[in-house]
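Asker: Turn these sequences into a full structure, and let the hints steer you where they fit.
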Amino acid sequence: MTADSKEIFAKLSELLAPFNSKNIELKPDTEISTDLNIDSVSVMDFVMEVEDHFDIDIPLNVLADTHTMTDMVKVVEQRLAQGGSS
Amino acid sequence: MIDLFDKHHHTIERHSRMLQMGSDVVGLASTQMLSPTRAIIDGRETVLAGTNNYMGITFEEDCIAAGKKALDEFGTGTTGSRIANGTYGLHRELEQELAGFLGRKHCIVFTTGYQANLGMMAGLAGPKDTIFLDADSHSSIYDGCTLSGANLVRFRHNNATDLEKRLARHDPESGGRLVVLEGIYSMVGDRAPLADFVEVKKRQGFQLLVDEAHSFGVLGPNGRGLADEAGLESDVDFIVGTFSKSVGAIGGFGAGDHPQFDAIRYSSRPYMFTASPSPSSAATSIAAVRKLKAEPERRARLADNSKRLFDGFHALGLETCCDTVSPVIAVKCPDELAAIVMWNALLKAGVYVNIAVPPAAPNNLCLLRCSVSAAHTHDDIDLIIKLFGEVVASGAVAVSA
Numbered sequence: 001m002t003a004d005s006k007e008i009f010a011k012l013s014e015l016l017a018p019f020n021s022k023n024i025e026l027k028p029d030t031e032i033s034t035d036l037n038i039d040s041v042s043v044m045d046f047v048m049e050v051e052d053h054f055d056i057d058i059p060l061n062v063l064a065d066t067h068t069m070t071d072m073v074k075v076v077e078q079r080l081a082q083g084g085s086s
Numbered sequence: 001m002i003d004l005f006d007k008h009h010h011t012i013e014r015h016s017r018m019l020q021m022g023s024d025v026v027g028l029a030s031t032q033m034l035s036p037t038r039a040i041i042d043g044r045e046t047v048l049a050g051t052n053n054y055m056g057i058t059f060e061e062d063c064i065a066a067g068k069k070a071l072d073e074f075g076t077g078t079t080g081s082r083i084a085n086g087t088y089g090l091h092r093e094l095e096q097e098l099a100g101f102l103g104r105k106h107c108i109v110f111t112t113g114y115q116a117n118l119g120m121m122a123g124l125a126g127p128k129d130t131i132f133l134d135a136d137s138h139s140s141i142y143d144g145c146t147l148s149g150a151n152l153v154r155f156r157h158n159n160a161t162d163l164e165k166r167l168a169r170h171d172p173e174s175g176g177r178l179v180v181l182e183g184i185y186s187m188v189g190d191r192a193p194l195a196d197f198v199e200v201k202k203r204q205g206f207q208l209l210v211d212e213a214h215s216f217g218v219l220g221p222n223g224r225g226l227a228d229e230a231g232l233e234s235d236v237d238f239i240v241g242t243f244s245k246s247v248g249a250i251g252g253f254g255a256g257d258h259p260q261f262d263a264i265r266y267s268s269r270p271y272m273f274t275a276s277p278s279p280s281s282a283a284t285s286i287a288a289v290r291k292l293k294a295e296p297e298r299r300a301r302l303a304d305n306s307k308r309l310f311d312g313f314h315a316l317g318l319e320t321c322c323d324t325v326s327p328v329i330a331v332k333c334p335d336e337l338a339a340i341v342m343w344n345a346l347l348k349a350g351v352y353v354n355i356a357v358p359p360a361a362p363n364n365l366c367l368l369r370c371s372v373s374a375a376h377t378h379d380d381i382d383l384i385i386k387l388f389g390e391v392v393a394s395g396a397v398a399v400s401a
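Residue numbers (this note's numbering), protein chains in the order written: chain A, 1 to 86; chain B, 1 to 401.
Take every hint as true, because none was put in to throw you off.
As a list, the in silico BS3-like pairs of lysine-lysine whose alpha-carbon atoms are at most 30 Å apart:
#: 1; chain 1: A; residue 1: Lys74; chain 2: B; residue 2: Lys7
#: 2; chain 1: A; residue 1: Lys11; chain 2: B; residue 2: Lys165
#: 3; chain 1: B; residue 1: Lys105; chain 2: B; residue 2: Lys202
#: 4; chain 1: A; residue 1: Lys74; chain 2: B; residue 2: Lys128
#: 5; chain 1: A; residue 1: Lys22; chain 2: A; residue 2: Lys74
#: 6; chain 1: B; residue 1: Lys386; chain 2: B; residue 2: Lys332
#: 7; chain 1: A; residue 1: Lys27; chain 2: B; residue 2: Lys7
#: 8; chain 1: B; residue 1: Lys165; chain 2: A; residue 2: Lys74
#: 9; chain 1: B; residue 1: Lys7; chain 2: A; residue 2: Lys22
#: 10; chain 1: B; residue 1: Lys348; chain 2: B; residue 2: Lys386
#: 11; chain 1: B; residue 1: Lys291; chain 2: B; residue 2: Lys307
#: 12; chain 1: B; residue 1: Lys307; chain 2: B; residue 2: Lys332
#: 13; chain 1: A; residue 1: Lys22; chain 2: A; residue 2: Lys11
#: 14; chain 1: B; residue 1: Lys293; chain 2: B; residue 2: Lys105
#: 15; chain 1: B; residue 1: Lys202; chain 2: B; residue 2: Lys128
#: 16; chain 1: B; residue 1: Lys293; chain 2: B; residue 2: Lys69
#: 17; chain 1: B; residue 1: Lys105; chain 2: B; residue 2: Lys69
#: 18; chain 1: B; residue 1: Lys165; chain 2: A; residue 2: Lys6
#: 19; chain 1: A; residue 1: Lys27; chain 2: A; residue 2: Lys11
#: 20; chain 1: B; residue 1: Lys332; chain 2: A; residue 2: Lys22
#: 21; chain 1: B; residue 1: Lys386; chain 2: B; residue 2: Lys307
Here are some chain B residues the structure puts well away from chain A; computed CB gaps all over 12 Å:
#: 22; residue: Glu229
#: 23; residue: Pro296
#: 24; residue: Glu319
So these bits of chain B aren't anywhere near chain A, every CB distance computed over 12 Å:
#: 25; residue: His15
#: 26; residue: Gly22
#: 27; residue: Asp262
#: 28; residue: Ser267
#: 29; residue: Arg269
#: 30; residue: Phe273
#: 31; residue: His314
Derived by calculation from the structure, the hints in this document are not laboratory data.
Heads up, the beta-carbon is just placed ideally off N, CA and C, and yes, glycines get one too.
Answerer: The following block contains the structure:
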């Protein structure tokens, strides 16, 4: 992980905390929906928090291939590189 | 080998827990329908307060007669798609009747309300387009958006400012832009602040679709829905609706004034690859739409009943999800367990309501959701209030200050 992606990982962990009711430890390969057992709407609500924090759009169709924390970090990096537009 | 059912174990456990607490929340059967507002459930006569039968129109003599006549004359089913052998005169007549009711140039009938949203989203938007949808949209909207292949951007519920922020980030030259709202949101009963969204539309430019599933027949001086109530019909490009609520049948529709609207018939898979509505359902729908037009007093009765239930709940100190009176009145419960206990107690006491828990209900809410009918009597409404007083307000549920 680069310094930037570590920072994004840390921020994502912070934003995910309210949804992680069982306080499961977040690792790069943690699957956000299945490992934390959070429903589809909660995942989308989490993504909305991410969008607002980074001022980017993450279209829902992108999420189909986004499972782990590392996947999510990559999506944020890509969207930031694109200037945040959808 | 991995069993395909392994992934469902959380849901299966959740359902088993529900079963241990009483009746099957998601598998209840009405063994006899006595009227739009009465059924036999578990051998007991039960007042129905969760049917979405807003107009109380399922047992009207003329609708039933129209359905029987269609059965006699057209048979039990169409055995075909609208684009093959499945379009009967009845389907055309229903489309014309609806277009007239809505004051729209075009209307397309789909086989269910769910498919109406699937068909409209997939017919309107494609992979290069972007659909901006309200976060609390119905599953059929989400599924339709997925089917369309469009980019999907979700904005905060009923928040026109949040939508505008997202529109501003989007390149309008990259493809078409469709914004999707609902007239009345099904779980909570709140309306979209349409005027705010129309202002954003004027500044940012997009095409606007309003799903009037729960507001068709219910809102507006003509019963056309939220856009009618708000006086903003000309700013709404497309309307979606269903026959399974105010029309008391099954099916759905999309309507609009776009000159190319009919292209949806030849480009929308949920329209093309399913059998058309049965003749009897189409025929009762025609009769029911005519009734909605001819009997505006149904809307007035529904509004009166809704206010009576809303005021009654508030007098009990119950916390409802929405401050505006609508036929959907959802009472907040502290958690899923409490909701299930209270739902069972209400059912045993003789009233059926819907239970809504996450993810079907938004914001982690656990709700006892009532839907009011024009066919409820004041005595029915008072009984529902009394039973909520005994079961819900008696202490188990949070009481608002």
